[in-house]
Each structure stands twice: as C-alpha cells, then as structure tokens.
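Participant: Based on these hints, arrange chain W on the given structure of chain E.
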Amino acid sequence: MNQVASDETLVREHLSGQAGAFEELFRRHRNRVYSLCYHVLGNPEDAADAAQDAFLSAYRSLGGFKGKAAFSTWLHRVAVNAALDLARRRSHTATVPLDPKLHADSTGDHARATETALVVAHALAGLPLEFRAAVVLRDVQALSYEEAAAALDTPVGTVKSRVHRGRAMLAEALEEFRSGGRITPSAAGGNSPTPKDI
Amino acid sequence: MSDAVEHETAFGRLAAFLDGDLPAKEKAAIMAHIETCGACRTRLSSLSETVAGLSSPGGMPMPEALQVRISNLLAAERATSGAMARRRAGSRLRWAPRRRWVLALGGLGVAVALALGLVLVRAPRPETSTVGEAGGFGVPVVRSEGAEYTRANIAQSLGSLPLFDSFAGMKPAEARRRSQEFSSLLAERAGTGEGQALSAPRADSSSILAGGEGTTATQTAPLVGGTPGAEPAASPAASPVATAPSTRATDQTSKAAGAASSPSPTRAAPEVLAAACLAQVRSGVPGPFLPVYLEFARFEGRPALIYAVLTSVPASSPLNRVQIWVLSEDACDVVYMAQVQLRSST
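If you're matching them up, the sequences are chains E and W in order. With my numbering applied, the first sequence covers 1 to 198. With my numbering applied, the second sequence covers 1 to 346.
Bound-form chain E, shown alone (with noise of 0.2 Å):
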C-alpha cells in the first residue's frame, strides 16, 4: 500500500492518523539513521540509543515538520541532534576496532579498498565532533552541502570548511598508515597533528 507512496505523503498519512505510515517511514529510514549514528558515534551500543532516540522524537515532532525541506533531510537533522546529544552526554571516546592483522593481509585492489575504508573508519572516530559530524553528513551520508547545512543548522559555508580539514586529518591518517607500516591504535593521529591540536 505504501511502496509507491513519498515520504511526504506518508508523513501526512501519519498526521491524519493512518496507521502504518511511521512504521513506513522507520522502514525506508532506519538504516540510513543508523549508519548516521554509527558513523557519528563509533560504536554499536552508542548509535543503537542514538537511533532510538531519533525516531522517538521524530514521532514525536512529526507535526512540527513543515514540508519546506525533504522529510530525509529534516530526519537527518533529527538524528545527527541525538547523535550529537549522546555524544556529548557520555564522555568515553569513540572506537572503531582496526584489525591488526589488516596490514598483513592488505593485498590487491579490494582488499585495499577495504583497508581503506576501516582506516578512515577509525581515524574518523578521533576527529572532532563538529568536524566528525559534518563529514560524516557529506561523505557518509551523501547529503548535499546545503542539505548538511540545513541539518546542522550551521552556515553552508561554515560546513564546508569543516568538511574539508576532516577530510584532510582523515588522508593524513591514512598516509600515516600505508607509511607507517603497522597499525597502532593511534593511526589517526600519529605524529601528524591530532585533532586536539586543531
């Protein structure tokens, strides 16, 4: 009944009292919300609270949507707030666990791209909260810079900025590591400025 439906149109569904169209919703969004949380957060425990909070609370505020974004960029917002909030309620630090025996096996394009991806994964767990958020809304999520903007209610050009200094802690993480030659924990920082020093 719904496959064809908008988010719009389910949001408004909702509001009439239709029953099944948040569920819907939660559907095609959950996994977006959570990678969102994930990302922002660095680990399972953190992000499952995040996302429930989120959905919670865009059940809740639903009606306060107004429809002059899209529905995923307002639930974006939503959720990088729970995330955001969570992240600055509980004080341990993000982390991502690198496999020590990645390097090792780091052979080819693949696997390559696979190292990649659990290097930056890691690093992107020691960049700064702002900073963290912002690339995770650009790059993980793929929102466009006014959609970023629009869900950290921060100036587009503020976003960018921070989008491009954690991209470039981020390379320099990685550089550090296919130089280095070894994974430690500290990859994301090594002897290149950490994201304390920014």
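Hints are computed from structural coordinates only; laboratory data are not their basis. In this text, all values refer to a predicted model and were calculated from it rather than measured experimentally. We put the CB at the ideal spot given by N, CA and C, even for glycine. Keep in mind that a hint or two might mislead.
Claimed, not checked - In the DSS-like style, the derived pairs of lysine-lysine whose C-alpha atoms are separated by at most 30 Å in a straight line are:
#, chain 1, residue 1, chain 2, residue 2
1, E, 160, W, 27
2, E, 66, E, 160
3, E, 160, W, 25
Said to hold, decoys possible - Stretch-level coverage of chain W by chain E, calculated; a stretch enters the list once three of its residues show a Cβ under 8 Å from a Cβ in chain E:
#, stretch
4, 39-52
5, 61-75
Facilitator: Below, chain W alone, put in the same frame as chain E:
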C-alpha cells in the same frame, strides 16, 4: 598578479579542489601546481581514497534486535498517545476489528503482515512478530512462535523489556490522565454493545465483555493476596513479585476440563479476546493503568494472552511497576500475575 600558488595554499585547498567547486582561476592554478608537486599529488590521492572509503551507499543495516526495540517503542508511543489523541479529536474509535490486524493474526501471518507493510522482525527472544495493535486500544501486539513461558521464567523474560523504559519518567499526573482515558474507553465499549455482536460466535462472550464491570472484580481480587499491586515490602527492587491465583487455579482446572469435553466450535476473534481480557486486567489493577504490550504465546503449556501493564504502587507515585498478566486464550481467565519493578524508576 601571478596565477601560481604557493605549496601551502594549494595543499590546504585540495579537499575543496576535490569538491570541484573552486573558482575556475583558482582551480587552474592548483592543477598547475599539482603537476609539479609530489606531496600534493599524494594528498589528493589520499583524499580521494578517503572520500571513497567513507561512502556508504544505502547505509549500514540496523541490527534486527534494534529494529524490534524501536518498533515496539513506536507502537507503545502510539498506544499511549495516538489512540487517545484520535479519541480526543472526536473520531469514533470503533469496536470493530482492524482488518489488517485480524488477518495478520488469522493465520496468514508472515505473508500478510509483510504485504500490508506492517513491522515484522525477528527478536532475540523466541521468534516474535509485532503484528499490529489491539483493536482501537493502540496496544502493540506481539505474536510469539514457540515462546513457552512458565511461572519460573515469565517475570524474568518479560519484566525488563526495553519497551517499558520510555515510560519510567512519566509524571504521575500524565499517567493518571492516560489511565483515565483507557478506563473510559473500556467502559464506553462495554456499553455500546458493538463488541457483543462481534463476539457472537462465543456462547459466553457477554460475560467476558462485561468482565470489567463487576463479577470479575471479585474474581481477581485474591490474585495478589487481596490487594493487587500491593507494595512488595520485603522484596529487593529488581526481583519479581509473583503470586499465583490460588482460588482461580481450581476454576481454571475445571474450566479446562469442561472445554476439553465440549470444545467451543468457534473461537472468539483475537481482538475481541484482547479487549475482553484487557477489561479483565483493568479490574485487577487499582492504580494507574497503562497497558503497553500484548503477546499471544503459551504459558505452562497452554495458549495464553499476556498483557504487560504499567502501574504505580502506591497509586500516587510515578509509574514504578510492570505487571505481567497471563490470561487463558479460551476464556480470558486470569491464570497468573507477576509484578516487577520498572527499571530506572527509582
């Protein structure tokens, strides 16, 4: 003005360069620099790899257990606000079953639920499906496949579902308000007669549907030592307080024997049972009454309806108890009740 750029400038602009949104003149200058600079080429390559490494088309799959948790919470949210909001808005809540719910429970199960877009997911507990909500009451309904509960395990199995957590902080006034809504809804339905027509296949349905209004109150009174929901003074905060209904046990045995000798030709529709049993449970809960979960499963080897109800002991305190009510699926008799401290309510 020279078009050439310093290395530091170019190096710092590579991430922006990768986006392709630099002014044409700056872009050309950086390209010219890159051709002569190994460090910049390496960095551009790393940046490109980084962006590719971050890409996650379609997102990460949400773990199934989390899907269940959020689905249940959304259903609970709807249960305690959605139905009430609709009712406050003046729309008439029908006694009539929701077609999708009946179908989903009516044996078509998985295929129908999927076809109707209902949430259907696997839970870490025995195979369960959230198949809808109970009639117009908005209580989420879960159907378990193969879940076998006993007096020994039910409180532990159901007493600490994440579903309940979101209610732990509800203010007493809000809990009372929602509770009154439920109670008046039950009374309204009992008085309309709509339910009776629906439950016609059952010979004794009228007595079930009237259950909330009199006779059952005395029947369920002995359930927990004469004071349902009494403060478990000697129990530790997290330990379940379970009491078997001793007087009902005898009734239950005789009824079961009777049912075996003359089985009912037609079973009541699930939503009729769900509502009738809810009235039965209501009569046994003196404090605030927020039903938040209904599971069709088996208890001590027999088909059963299991309601989870949030309440307060004493009645004026915030929600602090989960009561697990087990009712026979054939006649809504209360078979067992267990009470558990609501997590994080202290």
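Participant: The structure should be examined with respect to each hint, and the outcome stated for every one.
Facilitator: Against the structure, the hints:
{"no.": "1", "hint": "E/160 x W/27", "verdict": "holds (17 Å)"}
{"no.": "2", "hint": "E/66 x E/160", "verdict": "holds (26 Å)"}
{"no.": "3", "hint": "E/160 x W/25", "verdict": "holds (20 Å)"}
{"no.": "4", "hint": "39-52", "verdict": "holds (count 8)"}
{"no.": "5", "hint": "61-75", "verdict": "holds (count 10)"}
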